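Number of protein chains: 2
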Amino acid sequence: MSDMIRQFHIADPFWKRYEDLLTDVVIPYQEAALRDQIPDAEKSHSIANFKMAADVMARGAEPGEYYGMVFQDSDLAKWIEAAAYSLVQKPDADLEARLDEVIQTIQEAQYPDGYLNTYFTLKRPDKKWTNLREAHELYCAGHMIEAAVAYFEATGKRNLLDVMCRMADHIYERFVVQQMPGYPGHPEIELALMRLYKATGNEKYMELAAHFINVRGVDPEYFFKEAQKNDWCVWSREATDVQYMQAHQPVREMKVATGHAVRAVYLYSGMADLAATTGDASLVEACHRLWDNITNRQMYITGAIGSTVHGEAFTKDYDLPNATAYAETCASIGLIFFARRMLELEPQGRYADVMERALYNTVLAGMQLDGKRFFYVNPLEVLPGISGEVAGYKHDLPQRPKWYGCACCPPNVSRTIASIAKYAWGVKDQTVYAHLFMGGSLDLTEELGARISVTTRYPYEGSVVYELDGAPITLAVRIPEWSGHTKMVVDGMPMVVRPKDGYQYIKGASRVELYLDMEPKRFYANPKIATDSGLVAVQRGPLVYCAEGVDNEEEILSLRLPADGAIHVEDPTNELCGTVKLVAEGYSIQTDDSLYSTSRPKLKPTDIVMVPYYTWGNRGLNQMRVWLPEL
Amino acid sequence: MSDMIRQFHIADPFWKRYEDLLTDVVIPYQEAALRDQIPDAEKSHSIANFKMAADVMARGAEPGEYYGMVFQDSDLAKWIEAAAYSLVQKPDADLEARLDEVIQTIQEAQYPDGYLNTYFTLKRPDKKWTNLREAHELYCAGHMIEAAVAYFEATGKRNLLDVMCRMADHIYERFVVQQMPGYPGHPEIELALMRLYKATGNEKYMELAAHFINVRGVDPEYFFKEAQKNDWCVWSREATDVQYMQAHQPVREMKVATGHAVRAVYLYSGMADLAATTGDASLVEACHRLWDNITNRQMYITGAIGSTVHGEAFTKDYDLPNATAYAETCASIGLIFFARRMLELEPQGRYADVMERALYNTVLAGMQLDGKRFFYVNPLEVLPGISGEVAGYKHDLPQRPKWYGCACCPPNVSRTIASIAKYAWGVKDQTVYAHLFMGGSLDLTEELGARISVTTRYPYEGSVVYELDGAPITLAVRIPEWSGHTKMVVDGMPMVVRPKDGYQYIKGASRVELYLDMEPKRFYANPKIATDSGLVAVQRGPLVYCAEGVDNEEEILSLRLPADGAIHVEDPTNELCGTVKLVAEGYSIQTDDSLYSTSRPKLKPTDIVMVPYYTWGNRGLNQMRVWLPEL
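Chain order of the listed sequences is A and B.
Residue numbers for the first sequence follow numbering that gives the first Met the number 0, so the first one is 0 and each next one is one higher.
Residue numbers for the second sequence follow numbering that gives the first Met the number 0, so the first one is 0 and each next one is one higher.
Just so you know, these hints were derived from the structure itself, not from any lab.
These numbers come from a predicted model, not from an experiment.
There may be inaccurate statements among the hints.
Since the list gives no way to pick out one identical chain from another, each pair is judged satisfied if it fits inside one copy or across any two copies.
In silico DSSO-like pairs for lysine-lysine, Cα to Cα no more than 30 angstroms straight-line [said to hold, decoys possible]:
hint, residue 1, residue 2
1, 601, 520
2, 122, 224
3, 315, 393
4, 203, 89
5, 393, 527
6, 527, 315
7, 15, 427
8, 580, 427
9, 371, 401
10, 520, 603
11, 601, 486
12, 254, 421
13, 527, 486
14, 89, 506
15, 603, 228
16, 603, 315
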């Protein structure tokens, strides 16, 4: 995968705002959080943990008191990754200096043999590698490897890369050379090692990734045995649910996505990465099965996955409740990772369709528009007084908190947005794939001797204009499944749109105009999703819409959307960072106060105002609903 | 409340079947369960506990090993109550002899000072009365008092009544005379003491009931303090949620139903009993508020209450999910208790309407049609593969188990059905109230010098014919709210139906014919119930209907019920004990396999077969749905 991070300069109104928000607000805010400088927010202590570990390793100090989750190191890693990418869009010597300083601390915290993990250094130096089930050592290593690769890609500096190569070598020595049993309780290092392999060209990192993928679930009892041997634990001495950790069977035998959703999609991403690189047929087949199961059976219309709070997990096909959804932000980020890697395996528009759905809806909803608050959980229905309060709904907060004790999602959103270019573009041989629609300039002079300039106001307008110069190339433009009537004009001539596997291939053109169908569309769920029975959702372009209380006079739960009413597209509003609202001709039902009645509710014509789902919860405590009853 | 148990002889097809089932199957089956004679069912050990306690108290034996929940004594008590009532409908000398034998054992297990509870006798003789929060001593006493009153009413025998008067005296001595602090963690004894007062005329039992009602929640910290003092516990040393036990405020200040639903309605029943007897205005007001909150905000259309598994509890207004409902059978029984006592307070049809709704739907659904299996939890939607299996749905079993370790519901259903006459009828001065519609003969010769014979095939047919002879009386016939077009013929002449507070009063007639509106009716939920948005339920007479997979060719979740289609009433079927099915003109929606689609689902005309909710789950593992999307 050519990562496109340095080649693509974003310059459209939608994503430029996000990039500026990242560099100006989010990354500084998250740095302050990691440095414990945000008043009234949960403490992170992540940088402090590294400092204390460095004091122990480099200066022989007594260990200070570790604070945070066992995987607190990964929060810093994700932030470094985001900050590294932001340097490409907006160079910042001060930030880079602070990054180097933090990396210096990380380097000092490393053991001479390459081992690196502040939880174990400070808290349990004699228990390294004894609890792969819970202790997230390989997970934290994976995230720091990703950070190292990102910082190397962004700046060309090897400081963190060298640190993490030593850690990867240490892991290789233990698990491959010495053949110690075990594999990560929380997958992540697999995809990270594939990135390290691509960044360094060192095949042993791919070998190590393949090792963890190949041994996983071959002994489904492994975690039970490990737990029995231990005299300590992070949460529980008992290993119970191996499905939760995708350790129930060898990965090549997996047919349905199970267990903790983030672990699952991180694992599948690593598998897809390896499959795309090696062409391993049985692994490709497993990836296809898992992809199909998730996207055809277990995904919300917002691209969210993992419907239950119990284990933050996948459940069963078609079990997708709206008001009690878990739908973790990180899980949709993982789904984007998986999708992007499937695109490397085979350029098919369906992968990019899902990637776009998850990105523009759940992932963007994960962050407040001002970049200062975050959702971990992304319900599709919010009932004030119930959501976030009543047993069973307590995880579904109606407003974004500032930070979390378990702060995986905020920095994960940052690093994803900061590296959005790598999801937007792909290059294979002489073909440049436009997976997502973003304005800006793509400089492929080095790779193909070509440059592409893109002009668009997507996702609010449907025209995307590509101007190409330099050597002739093939441009493969994704035709989204949702775009019913797509038009194209190539070098001034209308072109019949006949996509192959979701992409329209245009060879040697110098100007490609794409006109996507931006009519608001009604979406119907498969009838097997019980909670969506009789309901309809509205989507325009890639954006799923929702009705919020603040825009509607009538009680949200009383709104009814007729099958044949018009849905008007409003002019961009000043509210919600210039979003485009929809106004649907609809009804509200008028009833008396009775709980059940034989009187058919009366209908009152009502304009139903809808806003993009990613903007919900930005205007105070509020009712919200994606799926509305159809009349 | 004149209990009508001995005066009313049931003789209609519907309830006679239930009475026969009780005497021939359920009561013997439950006796066998209590004697641990059912293979593969969870052990009860309830009678064995009493035998061991009797051995300790009467024969100085060493205590054997207590088994079961802390409130296991109450299972035997509820069964005695049911068996006692059954003797009235069908005398059975063997059963009565076995009851006397069991009562002898209970008597032997009593302490000389009147104390009775096998858990404490066998397990913690030094800890009596130290843990009112968890240990259910007053609750078990309450149930055994109810059993004693029932056996006395049914047979005139005082054996168990005397035992329980001694226990009540013991409690009175402790809590009223000695003024020891505390009140029951699980209300129940309040309503039982009111029954004991009415059976014996001894006012100190009413005084004791009033005491527990009056002190409740006055010190909301009571349970915390008690927990702090203790060095033992049943489940947890920590008292946490006082709302769960309705101990958060004095009962006269309560505005909404909160906490464990069974505890709540048992308490409110005792309050209504006391209020009806004393006329205490502030207590009457509290009962009104709580009744209104439950029935206008927190009740399923099936008369089920307590929507969450977390604490088996009420949650917030309008939070009534269908597939994850808790909706405990015992809670609806308690709601019937509450309703019946509100009717004593003031004869208003709305109380009987709810009583009927809870009885004919949730309570009857609690028992398999063959009387051998029981539901504890009564969801309104069952999704095979998800219900009973997936986290969050595990309590919603799709089929009835044989018995439960916590077996509160099965004997509670038995005693309620066995004493159904007391819910059907009421007498106030010279007026006889027909609250429910049941065929049979009511002999009030002693009370009013009158007899009433009732002929009906209710709930499947809407005609109810009352023939009265003897002294002229006023017959007050409930006109159910669901009956849109009710007709009456009195002594051969049509009568204009103009009910007062839900009752039509007819004075001095000798023949009253009632023709209820048995057209199937569509019911709509208040739009604030999010989970019922756009859905419609069908009810005929008092019976809520549901669609089950076994009757329908098309997937239940694909069914759509148009607002204007006919709903045909079938002839009684041989299946399901002669129930009447409905066949609605409807549609099934036909879609491809995609998860979300812009194609509006195609409609295929389909007959939707529906059966009464109380019959669901009698034909194997099956899909089920009460609320269907309306077209």
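_Violated hints - listed by number, lowest first_ = 4, 8, 13, 14, 15
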